[in-house]
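**Student:** Sequences and hints are given; from them, build the entire structure.
Going by the UniProt record's numbering, the first residue of the sequence shown is number 1, and it counts up by one from there.
Everything labelled a hint here was simulated from the structure, so no lab data went into it. Any given hint might turn out to be false.
Calculated cross-link-like contacts (lysine-lysine; reagent style PhoX-like; alpha-carbon spacing at most 25 Å) [what the hints assert, rightly or not]:
no.	residue 1	residue 2
1	K118	K80
2	K80	K2
3	K122	K2
4	K118	K40
5	K41	K118
Restraint ranges, calculated between C-beta atoms of paired labels, are given here [as the list claims (entries may be wrong)]:
no.	residue 1	residue 2	range
6	K141	Y61	52 to 58 Å
7	L9	E94	24 to 30 Å
8	N6	V99	28 to 34 Å
9	Y61	V116	48 to 54 Å
The structure presented is a predicted model; accordingly, all values stated were derived computationally and were not measured. Every residue gets a Cβ at the ideal spot worked out from N, C-alpha and C, and that includes glycine.
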Amino acid sequence: MKKIINGILYNTETAKELAEWSNGLSSSDFSNETETLYRKKNGQLFLYGSGGPLSEYAVSYMQSWTSGEDIKPLTIEAAKRWAENKLDADEYEEVFGEVSEGDELVSVTLQFEHDVWKKLVKLASSEYTPAEDVIEEIVTKNFQ
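**Tutor:** Below, the structure written as structure tokens:
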């Protein structure tokens, strides 16, 4: 599926599939739902979902409801919340990496020159990984 949202193209054919969730119902069940998390080459995340006439993805059709599908852009935080609710711990860590038990993480805000930021985004997108993971890898490799 391809969809343009706020002037940005989201395409399930060109993005990398990261994880999939289904409510386990048969595709013939009106309440079935399936959602797939994708990462674009530039690192942006989005969710593709589809479902039956009684699902979140239902579409109004001739005074009734029919099966539907949709794409929703996600921030990294929203993608992690989705994964926490829909995936088991191993699947979550396959997508977002090993999760800390708490104390060793620190949140920071960084500023970059525009050209440096563009290089970081290009590197992250070529590896289908978030920019923070690229920074962590560079720091870890260079400052052991």
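**Student:** Hints first: check each against the structure and report whether it holds.
**Tutor:** Quick rundown of the hints versus the structure:
1. K118 - K80: holds (24 Å)
2. K80 - K2: holds (23 Å)
3. K122 - K2: It holds: about 22 Å lies between the C-alpha atoms, which stays within 25 Å.
4. K118 - K40: holds (15 Å)
5. K41 - K118: holds (13 Å)
6. K141 - Y61: 52 to 58 Å: For Y61 against K141, whose Cβ atoms are near 54 Å apart, the range 52 to 58 Å holds.
7. L9 - E94: 24 to 30 Å: This hint holds: roughly 26 Å between Cβ atoms.
8. N6 - V99: 28 to 34 Å: holds (31 Å)
9. Y61 - V116: 48 to 54 Å: holds (49 Å)
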